[in-house]
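Participant: Hey, can you work out the whole structure from these sequences and the hints?
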Amino acid sequence: MKALFRKDLYVLRGIGCIFILMDLVFSLIPDLRFFAFAAFYTVLLTLILMQADEQSKFDTLLPMLPVSRRQVVLETYIIGWGYIALLSALAVSGQALLWSRMGRMAVDREYLMLLCFDVCLSLTMQGLVLPVLFRYGTTKGRLILMVAIGAVTFLSVSLMTGTVLTGLLGVLTRLRPWHLLLAGAALSLASIPLSVAGYTRRLKK
Amino acid sequence: MNAIEVCGLSKSYPGFTLSDISFTLPEGCILGLVGENGAGKSTLIRLIMDATGRDAGTARVLGIEATDPAFTRVRGDIGVVLDDARLPETLDPRKLGRVFAGLYDRWDGETYHDYLRRLELPEKKKVKDFSRGMKMKLALALALSHDARLLVLDEPTGGLDPVVRDEILDILEDFTRREDRSVLISSHIVSDLEKLCDYVAFLHRGELLLFEEKDRLLEEYAMARVTEAELAALPPEAVRGTRRGKYGAEALVERRLVPAGVPLEKPTLEDIIVFFARGDRA
Chain A
313 MKALFRKDLY
323 VLRGIGCIFI
333 LMDLVFSLIP
343 DLRFFAFAAF
353 YTVLLTLILM
363 QADEQSKFDT
373 LLPMLPVSRR
383 QVVLETYIIG
393 WGYIALLSAL
403 AVSGQALLWS
413 RMGRMAVDRE
423 YLMLLCFDVC
433 LSLTMQGLVL
443 PVLFRYGTTK
453 GRLILMVAIG
463 AVTFLSVSLM
473 TGTVLTGLLG
483 VLTRLRPWHL
493 LLAGAALSLA
503 SIPLSVAGYT
513 RRLKK
Chain B
30 MNAIEVCGLS
40 KSYPGFTLSD
50 ISFTLPEGCI
60 LGLVGENGAG
70 KSTLIRLIMD
80 ATGRDAGTAR
90 VLGIEATDPA
100 FTRVRGDIGV
110 VLDDARLPET
120 LDPRKLGRVF
130 AGLYDRWDGE
140 TYHDYLRRLE
150 LPEKKKVKDF
160 SRGMKMKLAL
170 ALALSHDARL
180 LVLDEPTGGL
190 DPVVRDEILD
200 ILEDFTRRED
210 RSVLISSHIV
220 SDLEKLCDYV
230 AFLHRGELLL
240 FEEKDRLLEE
250 YAMARVTEAE
260 LAALPPEAVR
270 GTRRGKYGAE
280 ALVERRLVPA
290 GVPLEKPTLE
300 DIIVFFARGD
310 RA
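These protein sequences, in sequence, are chains A and B.
The first sequence begins at 313 in my numbering and counts up by one.
The second sequence begins at 30 in my numbering and counts up by one.
It is possible that part of the hints are untrue.
The following label-pair restraints were derived from C-beta to C-beta distances [claimed, not checked]:
(1) B:Asn66 to A:Leu494: 48 to 58 angstroms
(2) A:His491 to B:Asp143: 23 to 33 angstroms
(3) A:Val404 to B:Arg147: 48 to 58 angstroms
(4) A:Ser412 to B:Arg135: 35 to 45 angstroms
I should point out that these hints are in silico values taken from the structure, not numbers from a laboratory.
These numbers were taken from a predicted model, which means no experiment stands behind them.
Note that the Cβ used here is the ideal one computed from N, Cα and C, for glycine as well.
Facilitator: Quick look at the structure:
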């Protein structure tokens, strides 16, 4: 698996720097407490890596190399988790630096909650997107995801009446930060066997 | 031990079926897999390496069934080269060497660098900037640098100029000097395989028409260049394929079934393959 990390880090060397630079800029914007872009970037990063393999057709050589399908899937997840961790660290330290200059407390409960919500969102997105990408590949998978996102958005807008929204916010405010982290981690972990099964099915076709 | 044992291997796609393929490649031998484009050579290689699902049959490689989870480790003893190389395009040979070093337990960096020097491959040029020939040479260097016991090569010489092809064939000859090393090489350039192979398998429209030792094939069959009347006089069971022209006819015949006195010529492997594929057409 170390070899796959190395390969992906080489592939990311150029693009990754731009990503981290943008993350740094975002993390240094005063009072920017909500890092929704993290979820999007995490998915984008893994998508870029999988797409690079498909473009060079390395994905057809990979099943003939001494790595198991589980290792291939797990490596992609770990890259995503690593990126989420890096992004969170950057965000916290960036805001802490700014707030110390302003003489305010670095991390309050609200900030921590929003950060955990963002990590949860990133892990959830990863858990929902990767099984689709592993099953259908990036070209077909992206199309399926776009249709699914469209459908979910449409349903949400149609169903989110004032009462539902209030109820949902009520639930969210009762949650503790670790609830969110746990939920995200559980969803991400639970999706690994799905991704392995999807990847195996795609190869067996 | 056999390097590869395939029994009743089948796979269907819409519009194509690879049916009931069986053969055995003994350890230390080179098998040339011949067939026209779309005959099923790449599919067969993917099945043997368990890179795609099969509908029926078994494939044992270096003593392990390819669908067995333990086969992942066995892949460490196999060097693979696919057509068009299929290596990550943004990496250069130096970085690829580091990646492959992590994949194979017996990776030998010195051997790899020797191959890069011998094949005149730049270490710091990205794969995407390589020509097709350079990519294939790089893929071969990677496949040969971990002391593989079996090499699986899918069209390694396709689309390459004769000089590079010859260079690649030389390297393969070197590789097989050790008796425990085996090679499965697919190609539609039969002349390349004639130089190299101990066994020949001929795939035609998804069926294995022929699997035989190359020398035996060349001994067993002969070319008869005859007139139409002489062709008609040949025993039908001796004739495997014919070609009629303005000045007479050519037939691939089984030497032992042809009556004495008929002038016979030694065929090339290409003759045998072409006549097997065409049968009585033309």
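Participant: The structure should be examined with respect to each hint, and the outcome stated for every one.
Facilitator: Hint by hint, here is what the structure shows:
{"no.": "1", "hint": "B:Asn66 to A:Leu494: 48 to 58 angstroms", "verdict": "holds (54 angstroms)"}
{"no.": "2", "hint": "A:His491 to B:Asp143: 23 to 33 angstroms", "verdict": "violated (58 angstroms)"}
{"no.": "3", "hint": "A:Val404 to B:Arg147: 48 to 58 angstroms", "verdict": "holds (52 angstroms)"}
{"no.": "4", "hint": "A:Ser412 to B:Arg135: 35 to 45 angstroms", "verdict": "violated (53 angstroms)"}
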